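**Q** Chain by chain, the residues run as shown.
Number of protein chains: 2
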Amino acid sequence: MTAAAEQGEGFEHGAGGASVPLDIVDAWWRAANYLSVGQIYLMRNPLLDAPLEPDDVKPRLLGHWGTSPGLNLVYAHLNRAIVERGTPTLYVCGPGHGGPAMVANTWLDGTYSELFPAITADRAGMERLFRQFSFPGGIPSHAAPETPGSINEGGELGYSLMHAYGAALDSPGLVVACVIGDGEAETGPLAASWRAHTFLNPVTDGAVLPILHLNGFKIANPTLLARIPESELVEFMRGNGYEPLLVTGGFDGEDHMAVHARMADAIDVAYDRIADIRADAAAGAFAVEAPRWPAIVLRTPKGWTGPRVVDGVQVEGTFHSHQVPLSEVRENAEHLAMLEQWLRSYRPDELFDGEGRPVAALDALRPAGDLRMSATPVANAGIVRALALPDTAPFALDVDPDERGATGLAMTTFGTWFAELMRMNPDVRLFGPDEVLSNRLGAVFDVTSRAWAARLHPLDEHLARSGRVIEALSETLMQGLLEGYLLTGRHGLITSYEAFIHIVDSMFNQHAKWLEEASDVPWRGDVASLNYVLSSHVWRQDHNGFSHQDPGFLNVVVNKQAEIVRVYLPPDANTLLAVMRHAFDTQNRVNVVVAGKQPQPQWLSADEADAHVEAGLGVWAWAGNEPGFDGDDPGASVPDVVLACAGDVPTMETIAAAQLLRDRLPELSVRVVNVVDLMRIQDPSHHPHGMRDLEFDAVFTRSSPVIFAFHGYASLIHQLAYRRTNHANLHVRGFIEKGTTTTPFDMLHLNDLDRYRLALDVLRRVPGLAGRPGVAEIADEWHADRAAARAYAYEHGDDPTSITGWRFRAG
Amino acid sequence: MTAAAEQGEGFEHGAGGASVPLDIVDAWWRAANYLSVGQIYLMRNPLLDAPLEPDDVKPRLLGHWGTSPGLNLVYAHLNRAIVERGTPTLYVCGPGHGGPAMVANTWLDGTYSELFPAITADRAGMERLFRQFSFPGGIPSHAAPETPGSINEGGELGYSLMHAYGAALDSPGLVVACVIGDGEAETGPLAASWRAHTFLNPVTDGAVLPILHLNGFKIANPTLLARIPESELVEFMRGNGYEPLLVTGGFDGEDHMAVHARMADAIDVAYDRIADIRADAAAGAFAVEAPRWPAIVLRTPKGWTGPRVVDGVQVEGTFHSHQVPLSEVRENAEHLAMLEQWLRSYRPDELFDGEGRPVAALDALRPAGDLRMSATPVANAGIVRALALPDTAPFALDVDPDERGATGLAMTTFGTWFAELMRMNPDVRLFGPDEVLSNRLGAVFDVTSRAWAARLHPLDEHLARSGRVIEALSETLMQGLLEGYLLTGRHGLITSYEAFIHIVDSMFNQHAKWLEEASDVPWRGDVASLNYVLSSHVWRQDHNGFSHQDPGFLNVVVNKQAEIVRVYLPPDANTLLAVMRHAFDTQNRVNVVVAGKQPQPQWLSADEADAHVEAGLGVWAWAGNEPGFDGDDPGASVPDVVLACAGDVPTMETIAAAQLLRDRLPELSVRVVNVVDLMRIQDPSHHPHGMRDLEFDAVFTRSSPVIFAFHGYASLIHQLAYRRTNHANLHVRGFIEKGTTTTPFDMLHLNDLDRYRLALDVLRRVPGLAGRPGVAEIADEWHADRAAARAYAYEHGDDPTSITGWRFRAG
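Going down the list, the sequences are from chains E and L.
Counted the way the UniProt record's numbering counts, the first sequence spans residues 1 to 811.
Counted the way the UniProt record's numbering counts, the second sequence spans residues 1 to 811.
None of these hints come from the bench; they were simulated from the model.
All of these numbers come straight from a predicted model, not from anything done at the bench.
Any given hint could be a false lead.
For chains that are exact copies, the list does not tell them apart, and a pair is met inside one copy or across any two.
[Claimed, not checked] Computed cross-link-like contacts, EDC-like style, restricted to lysine to aspartate or glutamate with a CA-CA straight-line distance of at most 16 angstroms:
| # | residue 1 | residue 2 |
| --- | --- | --- |
| 1 | K560 | E737 |
| 2 | K738 | E461 |
| 3 | K738 | D520 |
| 4 | K738 | D542 |
| 5 | K738 | E516 |
| 6 | K738 | D265 |
| 7 | K560 | E608 |
| 8 | K560 | E516 |
| 9 | K738 | D752 |
| 10 | K738 | E517 |
| 11 | K560 | D370 |
| 12 | K738 | E563 |
| 13 | K738 | D268 |
Full structure from sequences and hints, please.
**A** Take a look at the structure:
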């Protein structure tokens, strides 16, 4: 990585080298193939110094050969382009289970031995390299965080091309070569990625070179794209905006050198075309028309160069080569002989010297230093730039502690701060499924625009050739681009409807797993946290109805490792500001923030909000009615009841419930607790943010009833709090899957989370209260008020009870 | 629905009628547009009998105009084709928030008034129709279960085309017209659906007619497909296998009749082409080559016929028409006047008679009876055929109660039964992401094949022009096809990796929500349950590693309404059989079954398994060591400890742990409880399967320690059991996010779920036991055994401790 790149000025090209003869490319390919097969099969005798014995072979054969020769071919040819041109290139490996190939090449690069010193670049290292693969305590069979140069796990498929485009953003000069398996190409995420060049600027961004690898088969089936007429395939690529370069080879025993010649040509044409596009765009062509980027369609036999026929079954070129073409090597002498013959077919003695080191001839194909794709700092998170974080104070809403409850807009407030963050940092981007404006983040358009490489129209708003906001109607694509952007060292935010963020549950899962794994890889640097703001949330889908009402993403999130996940439910604008400033100041995490976009009462001043977010949860004495409460020692007094809340709407209802209680039962001692950092609730042995029991008990008491109004499913609070002293007295109200098209108050009513219900819960739960004179009358009145509020809404279509009609009064 | 169709012989065409003049089509379109605008705005004065007053307008304007005129245009023109040709047609409405349009047309069809008698086909009904839309307690702004003729919710976008293809399967003679919004077209699911015709047989299936509606804008952005050159758009459609028919119209004030003429032509060409494809295929053409199906690309202005310019801003033809083009109608006299002018521009007095009834002229465009798209039994779940369910006994494994623990394959066993189910029932299909064989369900290929309309190859296996297995590498597509198939009255199963089923979390959510809503719609019939079998589960990803290890789908599932969701964890082959037979015997549910595909010990005979599944959970006395235990009265004795388990691998470990305890501490009273129906654990007030407290306490005791070995995240058990008497003594072991590439035993070890850890938990938890002489030595020995098992695996790559090496011994 050059200093220029670190300063965001683009990737500096290395010096172009001498042209590399194709027989060196072939030798590299054979070496990588040999090392791939070795990893799948061998635990001893890596160089075949002696005839292969059953004991040399692993007892359990677990791995995938089918995709490896194609991946190796691409690697060798990209190396040639890099050596000859000096063009910085990132290799994104999409096909599933490409681990043996990627590891083989990084070992040939020398990077593997540099990063894992035990895996030396000699016989002993090769044996360890082979042995660790798909072996207990070893490495998985797909590209993973342990794989040098990788930003894309080949486990759950479909994300390679969006990761590639995310990596290319704001990486001028970089080529991101992305191999897409034809199996992977059937997934929704991959299908949604083809057109991501619509957001790419040839001047200020890098280039993506898709290499669609058609080896014809998945696990046990042909692939869809491999079985259509070639004319249709060309139309498909052109229809997605690419100029396809077709390379077909290796069938019917074709000479490998002929294939190398065609592949080298295609790579040359592609790199030339990319250079031309950049030059033309820099000269102004992009202002007029989007470029047509090149893409390679590479068709080779699955399991190419492996056994052709095994036990009478055609293996090479069919799905039978997907995993281990020879499956009984220890038991079946014929299989053993075939394996040895297969390994020797690569002529290892020409590829490795007597000590097992790659022969010197291969040096010509090994790019220098960081230009090695396995060593690029882009992939290895070596170039994260610390963010300049604006102060929140100038953006905070003015909340007078004596006049709380005035209406304000949390997201608008956050938007102005976030716009400043984008202004101060060129490597922050905003991704959203067409909701930046509806989420009230329009302030960002004072700083930047939406990127758009397609046709522009005079009436377009905030749309430009260059911009750091990306919007498409695909949560999937937005998430994938952001992941690619973060894993290559930048920063960003994604917004979504709370209900629809479930669309990326699995992507969240896999990203969290990546972060978990990466934290155990010593040479991986820190990456910026993935930040979600879920703003169109379950409680304010006034016209959208049931399909838009789901708070369950939080349940998915809390299952991941505690070191990685954080959940915040800021109740107003200033707490949202404090939460977001903190979120952008973290690394290697996923921060999930739920904050409504609708007008809501504002509760805390900026200073109060900072302190509250720092504490994660706390007593809001001004909202309760607890004589003798001591903020420095909450355990010194014990209220009759605790009203706890998490989430903006439940907080409002809780404060309103406390007000009802104060008006009608002023002698009742009521404590209001607000939770902004949800993981504070969990046991400290389960989560690093978990509050210690003594502190927790001081706030929530050891025996008073706790009525907890929660934004999501009530069971989540029980899941987090089940170890707490006072858990038996914890009564949680949350979303109970009662959704429909109705007013905000009626939604709360339907789910028993409204102020009257919370206050009625208190009447029921505080010992002795239910039987006290007058309480039954109060309960009747609140039941009536509750019913009247609904009746009014159903008659008039409006909702005067809460939000618009209600105003907090201090006690 | 004709008798022929009910017998699976295809949809009988109605008689072709006289040709319908386009001015009738235009009148229908105007009427539908009028009714769409009326729903968004009016709560009184529906026929504009008097000048419009502010009070006639709803106080909160919530709804979406932008997409409505296009949807109405398509509806009117499809009606024309149906009336003229008698071709049964289903309308799948993809664009978001198309509710006003779909409801408008179904009211014009007469269906709405038939199904909702309060919404009469006159002035009073029209007023109620208008008022209920996006109104508290009313209907949402998108097509929903309440919408007659709908099988696709327009809330979370992207599923229309896969639902359409699912509906077309095994529906010969049916045309499924699917309108795809250009916003929706950006989603991954939609992008993955284009090529679903690869699974369509023109003879035995229906046809899908995609109608890509480019109105150019999403919420606040242009759409990707609307901004590419037309030549690229044509290549895109052709590259996806379609013959596109382009209709562009309505721009620059173009005369509507000219657009009608072009649209009518395109519809005619498409229907003719579909008829030709069917005829050619029936004559043998399909054996040679896949047909190229027609598709329509319809480009019209967003918000067409609405206000052109409002407050100086261009609205028609821009994203500003997405929701309510006039937003201040009650307050702004100019807006009110524009609304009235807009409504009157449709000339309502020509469209509705003095009583508000559609005029007789529109009768010519209204298909008869069930041919109305809103009345088709296909969509309204009116044609579900009861399944013939094979007995499980002939397929059960032979398990001798005196010789339990022999190895068997649960999925292979289930596969033979499922194959018989498919043989007996032509309307059962199997969907999977290329895992039918690896999940050991190959027996189905004795009965049917994989459907494949693309090129066939002599070496292909189980691939044919006709077949009821569908495989593509997209969980998304498989789920969507199955949903479409189920919602049109058929039956099916989807298999997936447990970790990757998170990919369809959101689709599961939305399907469950659909079922929840549909259960409140009286005229909707029952539909078959959606059945999942998750067979490559978290505990057996021996070579796949961390990315393939995630049991969190269950957490997502249990959040949905209890009436809908069921979770089963059958511990062996015969329980799996009993569970699956039950699952296929249910309606309107989602049944999630987790059952490993690897060799596992077999525990229960067929009769025992049936009884166990019927009970949902129970004591396995033969696995424990509890003198005096009475199966008829489990509460009569109280063991020292309960070892509970759910899931095949945890069950094996629990039984092994009980054996360790029996061997070394024979005087300890140990009860083994297996849970197969997870929802039995939940409180009966929370789930209909919840066990009553008295029964639950009898099984789990009121005070003995319970060590619960759970397949998934431990917190899920706490979430379900937190109300139970003995919850404080419940210690759950489950997946704690410790995954890697290793042996099955080591995975258990890493997550503290192995037999030694469970037995050690007992030593620690049973009061007084830890201090007893000899117990510390036993603990040391088990710790050593545990470590030795891991060391052996890391050295030899094999795993003799469990599964292969261990055999159950009865006490």
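**Q** Which numbered hints turn out to be false for this structure?
**A** 2, 6, 7, 11 and 13
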